[in-house]
Amino acid sequence: MGRVIFAERLDRHGEVTERVRVERYPFRIGRAYTNDLVLDDPHVCEEHAVVEEAEDGLRLRDVGSRNDILEGGAREVTLPLAGQLVVELGRTHVRLRDRDYAVGPAVTLRRRQAPIEWLLSHWTSPVVVIVLAAALGLAILRQGTWRETGWSEWLQTPLFGIGALALWAGGWALATRFLRQRSRFPAHMAVAGLLLIASELADEALQFARFLVESIAAVQWTDIAITSVLIGLLIYGHLRVATVGSARQRVLSGIMAAGLVFGARALAQSESEPDWVSTLPYWSRLEPLPPVTWLPRESVESFFERAQVIEAELAELARKDEPTDD
Amino acid sequence: MLRRAALLAGLVAGLAAAAAHAQTDASAEIFATHASGVVQVEIQEAGSGAKRSIGSGFAVEPAGTFVTNYHVVSAALHDPSRYVVKIHLQDGGELAASLVAFDVVQDLALLRSEGAQARPFALHAGTPLRKGERLYSLGNPLDLGMSVVEGTYNGLLEHSRYARIHFSGSLNPGMSGGPALLASGEVAGVNVASAGEQVSFLVPVREVRALLARARKAGFEPPADLRAELAAQLLRQQEGYLGEILAKPFGEVRMGRFVAPTGLAPFFNCWGDAPEDEEAFYQERSHSCFTEDHVFVSDEQSFAIVELHHRQVESTKLSGRRFYALYSWLFEEDFSKRWGREVDFTPFRCQTGFVTNTSLTFKATFCARRFRRLEGLYDVVFKAAALGQRSDGFETALLLSGVALEPARELSRRVLEAIRWAE
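Going down the list, the sequences are from chains Z and U.
Read in this note's numbering, the first sequence has 140 at position 140, and its numbers run on one by one without any break.
Read in this note's numbering, the second sequence has 1028 at position 28, and its numbers run on one by one without any break.
Please keep in mind that the hints were generated in silico from the structure rather than gathered at the bench.
Honestly, I wouldn't trust all of these hints.
With the C-beta cut set under 7 Å, the calculated list includes, among others, these residues of chain U facing chain Z [to be verified]: (1) A1125; (2) L1318; (3) R1321; (4) S1328; (5) F1331; (6) E1332; (7) T1356; (8) A1368.
Derived Cβ-Cβ restraints for the label pairs, each shown as a range [unchecked claim]: (9) P296(Z) - E1332(U): 17 to 25 Å; (10) R1082(U) - E316(Z): 25 to 33 Å; (11) G150(Z) - C1270(U): 35 to 43 Å; (12) A218(Z) - L1156(U): 53 to 61 Å; (13) E316(Z) - C1270(U): 35 to 43 Å; (14) E316(Z) - W1329(U): 32 to 40 Å.
Here a beta-carbon is modelled for each residue, glycine too, at the ideal position from N, C-alpha and C.
Modelling step: build the complete structure from the supplied sequences, incorporating the hints.
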């Protein structure tokens, strides 16, 4: 028995879709069924290439194909096999590897990833996440409005939410199917649902900030930052489900998405500078909690002493923006 | 008996007819003698000379001096590059006039037009008028031509900080600034406003004398900066009425389990109500106090507005976050869009915090915007909402237009300190 190699067909992302152990030579590659590795690619000839033994070892040789053998974009007639060789035959990528090709050590299985694995792969995860998101949405609806909520509203809120989630996740599933030949709709649903829960909780936290925090800008920028981070996480999550790109690329994509959203929102914010001439810049939000003794309270004297700052601020505003007529 | 009654009736009817005739004669006499001293005051767009608004005025000593209302000529004060003042004499002549003195609070202005020939009016200075005395108001209503309106003197307004004669007669737009004369021909007041149906108001003549005295002292030279003079007058005025408010303890009104300040001064008018929510989710009590002596500053802006609004709200159906969703919604009303043109102000700036007085903790916000062209004057909105109860709330809003910051802060502080739990 001669040298043993493995012939592997790769998809466009470099992942193996078929692997053949090669012990006998010549080993033929082509579209015809007479070959040892059959490639269903119209750009591959019936008999395209062959792996054969030569004096100085194994080599890959073009057997008169129409579209040649490409290695790194260059046309080659014969190529020596040493360790690993990746070539393009027609539009198909084929990798030839020696048996003694060294693979890296195993990655340690981290137990704490389990919830994420469950979220991404178990069919129950989208159900649990959606039920949680709907329950939270209904609780917020109930607690956030003082008027009686009608049945239609009780139904509309979760149905509309689930419908929107399904559409969004469906889009991702379709894209994943196109890229990966499998859709993973439930996992996309789980990711989107989880981010919906996070955004519902963030909204509540921001409402609370509108009660506690004095600065208008601080709350607005926090809002923008939270939205951006959530969008970044959402994009990362979907890419992770779709197993598109490396981990690093996915993180980068998430960061880019967050950056884009942040930029767009920041621009919109600065363009639509609120008109504080006809509105008061204060948060009118009131909350029943925490108990008043926990609040950062001050005396009446101290409050009105602090209010003197306004005079200087207004003088500055009046100076900066003098009216220009007469 | 019947004959005697018929005779008596005939006598009464005859007397009434004679009196009516006498009155008609008096009006005709007044008009014939004095109309020539009354002028039409016109504000013209400087570029085209087209009239923008009209009023009336009358001649006083020294020659070339005319009295009118501040509100008739205010556009020329605020925007001298766009508007000019012209006077039309009874003989048809049109002359340029300049503003030499004004009293924004009393709504009076003095115009000078060199060389204007008009018969000057004498200003009444003798015994005080008696209710029911006849007055004859002259002016040019709705640009229809010089007219005389007969009416009666009904004393001075009672709930006003500023002296105003209640004149029972019909004043119409265009008559503002014209004189209201006694049968003797002396000026008793200046036409200034109407509240409809025979209820009109005059500025007492003593205010005209005071303004004339000030102008005479200044040699009938206008102030170097009219707008600065306007700001100075408004500052003095707000100092006066806010000082009056702050000088005395406030009244109190009980609203549910809260006690709140009311009737800040005698010149406030307070109203209360308890409107019902249609679905009865909550019960609301409201209490509002207003000043009614607003000072006209420009077409868009009135000063000396003080409003105090309280609202107490409670619910047996809502508590916790649901009640606070309602409470937040009510506290959102920010009262900022009430007065003025936006270009006249800086944006609002607010100071917000959790403030504790001796009885309660509030979320309070003190907001102000500054007049760009009236140095030292601000609009102020102070709001506070009591915290800490699961289904009982109380909020207050104090609105001030055209005030200095210091007294506004002091008044807000006093209002906040006066809100407490009922014993």
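Now for the hints, and whether the structure bears them out:
1. A1125: violated, 40 Å
2. L1318: holds, 5 Å
3. R1321: holds, 4 Å
4. S1328: holds, 5 Å
5. F1331: holds, 5 Å
6. E1332: holds, 4 Å
7. T1356: holds, 5 Å
8. A1368: holds, 5 Å
9. P296(Z) - E1332(U): 17 to 25 Å: holds, 22 Å
10. R1082(U) - E316(Z): 25 to 33 Å: Given about 29 Å between the Cβ atoms, the range holds.
11. G150(Z) - C1270(U): 35 to 43 Å: Given range 35 to 43 Å: holds, Cβ gap about 39 Å.
12. A218(Z) - L1156(U): 53 to 61 Å: Hint holds: Cβ distance 54 Å, inside 53 to 61 Å.
13. E316(Z) - C1270(U): 35 to 43 Å: holds, 38 Å
14. E316(Z) - W1329(U): 32 to 40 Å: For W1329(U) against E316(Z), whose Cβ atoms are near 33 Å apart, the range 32 to 40 Å holds.
Hint 1 alone, counting from the list given before, is not met by this structure.
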